[in-house]
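Okay, here's what each chain looks like letter by letter:
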Amino acid sequence: MSNLFNWNPDRSKYPLMKEDGSLDVDLSSQKFTKLWVGPNHPGVTGNMAVEITVSGDEIVHAKTHVGYLHRGFEKLIERRLFIQGFPTCIRMCVAEPDYNEYLLSKSIEDLSGIEIPEMAEWLRTLVLEMARLQSLLRTVPGQGGTFSLGLGVQWGMYLRDLILDRFEELTGGRIYHMYILPGGVRGLLPDGFKERLEENLQLIDEFIIKIKKLMFDNAVFKKRAIGVGVIKKEWVDQFGIVGPNARSVGISRDIRKDYSYLKYQELDFEPPTATDGDIFARSTVRYRELIQTVDLIRQIMAKMPEKGDIKSPTPNVLHWKIPKGETYTRSESSRGEYGMYYVTDGSDKPRRINLRGPSYNHAMTLLEHMLVNANISDVHAIMVSLQTCPPEIER
Amino acid sequence: MGKLKDILSPFTAWGGVIKDPVTIKNPIGRPAAPRYRGFHKNEVDVCIGCGSCEAICENEAIDLVPVEGIKAKDGDSGLRPMVDYGRCCWCALCVDVCTTGSLTLSDEYTWVSENADEFRYIPGLDKKDWDKNENGWKKPEPNYEFYSLDRVKMPELHAQERGQSFIEFITGYSKQQAELEADRCVECGICTSACPAHMGIPEYIKAIRNNDLEEGLRILYETNPLPEICGRICTHKCESVCTMGHKGDPISIRWLKRYIADQNPSEKYKEILNAENLVDNGKKIAIIGAGPAGLSTAYYLKLMGYQCTIFEKLPEAGGMMRYGIPEYRLPYDQIDKDVNYILSLGVEIKYNVNIGTDITLEDLGKDFDAVFAGTGLHLGRSTRVPGSDNKNVYFATDLLREISLGQEVPLTEKIVVIGGGNVAMDITRSLARLQNIKYGKVDILATCLESEDIMPADREEVVEAREELAIVDPGWGPKEIETENEKIKGLHVVKCLSVFDENKAFNPKFDEENKKFFVADMIVESIGQGMDLSYLSDEFKENLRFSNRGRIEVDDYFQSGIDWLFVGGDIIQGSDVIHGIANGHKAAIGIDNFLMKK
Amino acid sequence: MKNLIERLHIKYSLTDIVNQRDNFVYLTIRKENAIDLVTYLKDYEGFSHFVLLSCVDWIEDGKFQLSYFLNQPNKKFDIAIRTMIDRENAEMQSSHHLWKHIETYQRELREMYGINFPKNPRIEENFILEGWDEIPPMRREFDTKRYSEKTFFPREGRKTYDPATYMKDKLYPNAPITAKVNKKDE
Chain X
1 MSNLFNWNPD RSKYPLMKED GSLDVDLSSQ KFTKLWVGPN HPGVTGNMAV
51 EITVSGDEIV HAKTHVGYLH RGFEKLIERR LFIQGFPTCI RMCVAEPDYN
101 EYLLSKSIED LSGIEIPEMA EWLRTLVLEM ARLQSLLRTV PGQGGTFSLG
151 LGVQWGMYLR DLILDRFEEL TGGRIYHMYI LPGGVRGLLP DGFKERLEEN
201 LQLIDEFIIK IKKLMFDNAV FKKRAIGVGV IKKEWVDQFG IVGPNARSVG
251 ISRDIRKDYS YLKYQELDFE PPTATDGDIF ARSTVRYREL IQTVDLIRQI
301 MAKMPEKGDI KSPTPNVLHW KIPKGETYTR SESSRGEYGM YYVTDGSDKP
351 RRINLRGPSY NHAMTLLEHM LVNANISDVH AIMVSLQTCP PEIER
Chain S
1 MGKLKDILSP FTAWGGVIKD PVTIKNPIGR PAAPRYRGFH KNEVDVCIGC
51 GSCEAICENE AIDLVPVEGI KAKDGDSGLR PMVDYGRCCW CALCVDVCTT
101 GSLTLSDEYT WVSENADEFR YIPGLDKKDW DKNENGWKKP EPNYEFYSLD
151 RVKMPELHAQ ERGQSFIEFI TGYSKQQAEL EADRCVECGI CTSACPAHMG
201 IPEYIKAIRN NDLEEGLRIL YETNPLPEIC GRICTHKCES VCTMGHKGDP
251 ISIRWLKRYI ADQNPSEKYK EILNAENLVD NGKKIAIIGA GPAGLSTAYY
301 LKLMGYQCTI FEKLPEAGGM MRYGIPEYRL PYDQIDKDVN YILSLGVEIK
351 YNVNIGTDIT LEDLGKDFDA VFAGTGLHLG RSTRVPGSDN KNVYFATDLL
401 REISLGQEVP LTEKIVVIGG GNVAMDITRS LARLQNIKYG KVDILATCLE
451 SEDIMPADRE EVVEAREELA IVDPGWGPKE IETENEKIKG LHVVKCLSVF
501 DENKAFNPKF DEENKKFFVA DMIVESIGQG MDLSYLSDEF KENLRFSNRG
551 RIEVDDYFQS GIDWLFVGGD IIQGSDVIHG IANGHKAAIG IDNFLMKK
Chain U
1 MKNLIERLHI KYSLTDIVNQ RDNFVYLTIR KENAIDLVTY LKDYEGFSHF
51 VLLSCVDWIE DGKFQLSYFL NQPNKKFDIA IRTMIDRENA EMQSSHHLWK
101 HIETYQRELR EMYGINFPKN PRIEENFILE GWDEIPPMRR EFDTKRYSEK
151 TFFPREGRKT YDPATYMKDK LYPNAPITAK VNKKDE
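Protein chains in written order, with the numbering used here: chain X, 1 to 395; chain S, 1 to 598; chain U, 1 to 186.
Bound conformation, chain X alone (with noise of 0.2 Å):
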């Protein structure tokens, strides 16, 4: 009943099986050649290897291999206070650090029982959805720059760190925010930013037209797009694939809709799909999402108060314990569910936290699987358009 599908990959090309199903790859017979992609930035993903085989420019294997970035965060989370992981575990995952601290101090606020004031629930919301577009302005024309379309990363990149510029006014920091941390947040929005925000909103509603006409409607990106790294819809669940690469298949599932938290009940949206399941669908429903996140940024900030509390009273950080528990928390990241396991024994540190990014899945076995029979140049566009975060995956 639960081996309804086919495990292994469509071989049919080159049905080099051995008699107990395992692939019979001979170097030596001089038809393979083995390539590494990667560990340098294959793309704009981050430091992992794709080990592949190829029979002339077609991949008949994949391997991922990851460690590259391994830092051990949850272990030294472990060791330290409830207070000291937010700044910790921001680093387990680089283009969206905000979604690490928003868990951790949920995590921890379930445990022990604090609810967060209006205010910082706002400006929680608030920072996540920009470190959304951020992430968003580097992915979307990152695509692009898979296939050499070099001029949209450009301009993304420009845009981002106008946003970069608002974080570091808002939180202190411009990759690190760690902003969001157990019973709130730390600080209200410095006088003037939503004016400067409204700005730079503005001018990424312009980069929206100009990347449309460079991307979308660009007969060489759609040539290469359509049709490649196909997702197929009932793969969904079986490797679970969540957040864009899943709604690119039309399964429209959004943490932000299914288990709303923050205020996301209180902001209008519908979380865009596709049904093609390729590059492109993926590409495209990333773009529509972009629109969408600066929607809600408008939103959010028409919504919020001016003035509020920004934290709830904690017990003394110093020697906060919380009582024996666990609770899973969840969010959804530009690239999909991201939650986090967290367990406490009672003294004053977690005994376990655990994150599941969405890369782990998506770069790991998905990945290994979609590149069997694809060609050789189409890895990284195949790589990038599942947003892979490699540190998310071995922390």
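The hints are simulated quantities; they were obtained by calculation from the structure and are not laboratory data. For every residue, glycine included, the Cβ atom is placed at its ideal position computed from N, Cα and C. Where hints are given, some of them may not hold.
[Claimed, not checked] Derived pair list, reagent style DSSO-like, types lysine-lysine, alpha-carbon separation capped at 27 Å:
#1 U:76 x X:233
#2 X:232 x U:76
#3 U:2 x S:206
#4 S:414 x S:489
#5 X:194 x X:210
#6 S:71 x U:184
#7 S:366 x S:350
#8 S:268 x S:337
#9 S:337 x S:350
#10 X:75 x U:2
#11 S:153 x S:206
#12 S:138 x S:3
#13 S:350 x X:223
#14 U:119 x U:2
#15 U:184 x S:598
#16 X:194 x S:139
#17 X:324 x U:63
#18 S:127 x U:159
#19 S:270 x S:206
#20 S:3 x X:210
#21 S:283 x U:63
[Claimed, not checked] These stretches of chain U come out as covered by chain X in the derived footprint (C-beta under 8 Å, 3 or more residues):
#22 19-25
#23 37-51
#24 66-73
#25 91-103
#26 126-139
[What the hints assert, rightly or not] Here are some, though not all, of the chain S residues that point toward chain X, as calculated from beta-carbon distances under 10 Å:
#27 5
#28 8
#29 11
#30 12
#31 52
#32 59
#33 85
#34 87
#35 90
#36 96
#37 142
#38 146
#39 184
#40 185
We have chain X; now place chains S and U onto it with these hints.
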């Protein structure tokens, strides 16, 4: 494929060639945002070296190091944080946790040096270009704290209720309140050095947090055998240096100590403190006076194996704690709890024995291996202003003792107390209660030289006295007590401008023009106490050294000029229970050393 | 969903049920029945999304806790199945045949906790660590600090002082801070 639009549309990007580039030509020197988390700054004069920054740093980037020009003193450890930028991650938790608010981050983020060791420095002391930068990360305001700044309110009886009787009005913390209060402590340990007995304050507060009150009691008895007493009436020098006091209320260290002592039943003390099977080394020590110093000496000597006999002039133990401090602050049964535990170890007290008349000091010297004298300050001092020899002028110490002994004390409807210390407040509030009981109203006024801000009494004493309807009118110097036919009419005072001169010597200055007259038919003087050394014979005194202020000179271990005589407590260090206890402990060590050498 | 939990309770004799949230339940079950339950939920109850397989080290009890997080996307309901396995020679029935990505989770647990999942393909392959010869690093007894001190070079000359100890040394070196007790030899 094949749509012409798809081929042409990307070329719209060429529109960009006529636009100005958005890149910044020279990014070096670009100012950071006002909240930027850059290199550290520290106001070293405000910093007290409590080490909270070190405790919260998740990267172990901060060391506390001794620095030149800053010495350890009460309320300042003399250490300052040194940051290692090889480890710092600029999270600014150190700033947010800083108990004094001295530590901030600047907005400087570029710094180049060829020497890696330079990236380890003491902010504020090693001068840096960004020390004067206004911008940078500061702790967010308001309502953003990593601990509670507000003390858990101690439940107490309402002034109207407590003013009617001598029952204890501070009711003590509940478990929940005590744990909340204990949670505020940052465990810096700066309090420990300010405490004369150097009690393990952070440790016993931690024991409360861990709900291990037996451990708490053990920690208390390491340095203080009178925790019930100190938990109520200690002058809590620890609280005045408490690091939490810089931004909020200091921790209620005293009430927490009381909580530990209150929660442990007296019958379990011996078991908890593991005081069975003490050695008896056969040596005998005589102790004069069953006050804090004497009791403390006896307790610590007993633990070491000495036989201790305390000679007490009054019918019950406690000294000034029983006969000087009113019952509403320190109930007698709590004194008994502490004293009885010491007695249960085998310490003996002989009551109603007057050294000098019943038995001489020389005899004690012969009969015992060593003698400790902690005879205290029981004599009142007079202002010696005209009229102070009137029979309706009393000393506070005498009245307090008589109240404790259960004797009838003189009482009238209009009383003036001269003095601004804790004893003055004690007698004021005691007499106010008696007035309430006898006349149904309070009419008592306390006045003193010191102005409100430098009154020696504890602040809460003054506040509580006022709540109990006594008038406190500080800043007046007594001039004359007006009498008529041996009856007191009142007290003439003049404004006191300053109490101490430039050399911090007692030298009050008055504004003779600014006068006041307090109507009264009874006056109580409470301007300090004197010692009664009449038990020392003249011959004996010749062999002792005295300081020019008339105090017996002793060495570090309270040994006097006569080697078998140790002296401590109020007569050496001024009136304070916790000093007495500390003296007693040290004297016990001194006696042990002295007798072991012999 | 309450109905479902009751049915599961009867069918699988769960040892513990904790309602974390309205739409999130923890079920504790004996090791032998855990994969049965996971399979049942997947095949018959629509828990089609496998969220996470994680391990918690309860070293003091000598147990590893395995947590299987399952999600029912249509009803938006989560069940976490917890089971305890012995720490010694830790081994658990593999569930790689249910979801493709469980294979990676099991490889990670093998590497980080030393839990074996027989029949899991590629179980012997390195996941993150290469050339690791210490005990599995996520086990509680693995001391990261000691490892880093052993492996890397701490900066020379760093020394820190405890405020209370420093003040004692400077201000009252001779004051007694503990009571001296002489006891009879027992």
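Do the hints match the structure? See the list:
{"no.": "1", "hint": "U:76 x X:233", "result": "holds, 19 Å"}
{"no.": "2", "hint": "X:232 x U:76", "result": "holds, 22 Å"}
{"no.": "3", "hint": "U:2 x S:206", "result": "violated, 44 Å"}
{"no.": "4", "hint": "S:414 x S:489", "result": "holds, 10 Å"}
{"no.": "5", "hint": "X:194 x X:210", "result": "holds, 24 Å"}
{"no.": "6", "hint": "S:71 x U:184", "result": "violated, 43 Å"}
{"no.": "7", "hint": "S:366 x S:350", "result": "holds, 18 Å"}
{"no.": "8", "hint": "S:268 x S:337", "result": "holds, 12 Å"}
{"no.": "9", "hint": "S:337 x S:350", "result": "holds, 18 Å"}
{"no.": "10", "hint": "X:75 x U:2", "result": "violated, 36 Å"}
{"no.": "11", "hint": "S:153 x S:206", "result": "holds, 20 Å"}
{"no.": "12", "hint": "S:138 x S:3", "result": "violated, 58 Å"}
{"no.": "13", "hint": "S:350 x X:223", "result": "violated, 108 Å"}
{"no.": "14", "hint": "U:119 x U:2", "result": "violated, 35 Å"}
{"no.": "15", "hint": "U:184 x S:598", "result": "holds, 22 Å"}
{"no.": "16", "hint": "X:194 x S:139", "result": "holds, 22 Å"}
{"no.": "17", "hint": "X:324 x U:63", "result": "holds, 16 Å"}
{"no.": "18", "hint": "S:127 x U:159", "result": "holds, 21 Å"}
{"no.": "19", "hint": "S:270 x S:206", "result": "holds, 22 Å"}
{"no.": "20", "hint": "S:3 x X:210", "result": "holds, 19 Å"}
{"no.": "21", "hint": "S:283 x U:63", "result": "violated, 58 Å"}
{"no.": "22", "hint": "19-25", "result": "holds (count 3)"}
{"no.": "23", "hint": "37-51", "result": "holds (count 7)"}
{"no.": "24", "hint": "66-73", "result": "holds (count 3)"}
{"no.": "25", "hint": "91-103", "result": "holds (count 6)"}
{"no.": "26", "hint": "126-139", "result": "holds (count 7)"}
{"no.": "27", "hint": "5", "result": "holds, 6 Å"}
{"no.": "28", "hint": "8", "result": "holds, 9 Å"}
{"no.": "29", "hint": "11", "result": "holds, 9 Å"}
{"no.": "30", "hint": "12", "result": "holds, 5 Å"}
{"no.": "31", "hint": "52", "result": "holds, 7 Å"}
{"no.": "32", "hint": "59", "result": "holds, 8 Å"}
{"no.": "33", "hint": "85", "result": "violated, 15 Å"}
{"no.": "34", "hint": "87", "result": "violated, 12 Å"}
{"no.": "35", "hint": "90", "result": "holds, 7 Å"}
{"no.": "36", "hint": "96", "result": "holds, 8 Å"}
{"no.": "37", "hint": "142", "result": "holds, 9 Å"}
{"no.": "38", "hint": "146", "result": "holds, 4 Å"}
{"no.": "39", "hint": "184", "result": "holds, 6 Å"}
{"no.": "40", "hint": "185", "result": "holds, 7 Å"}
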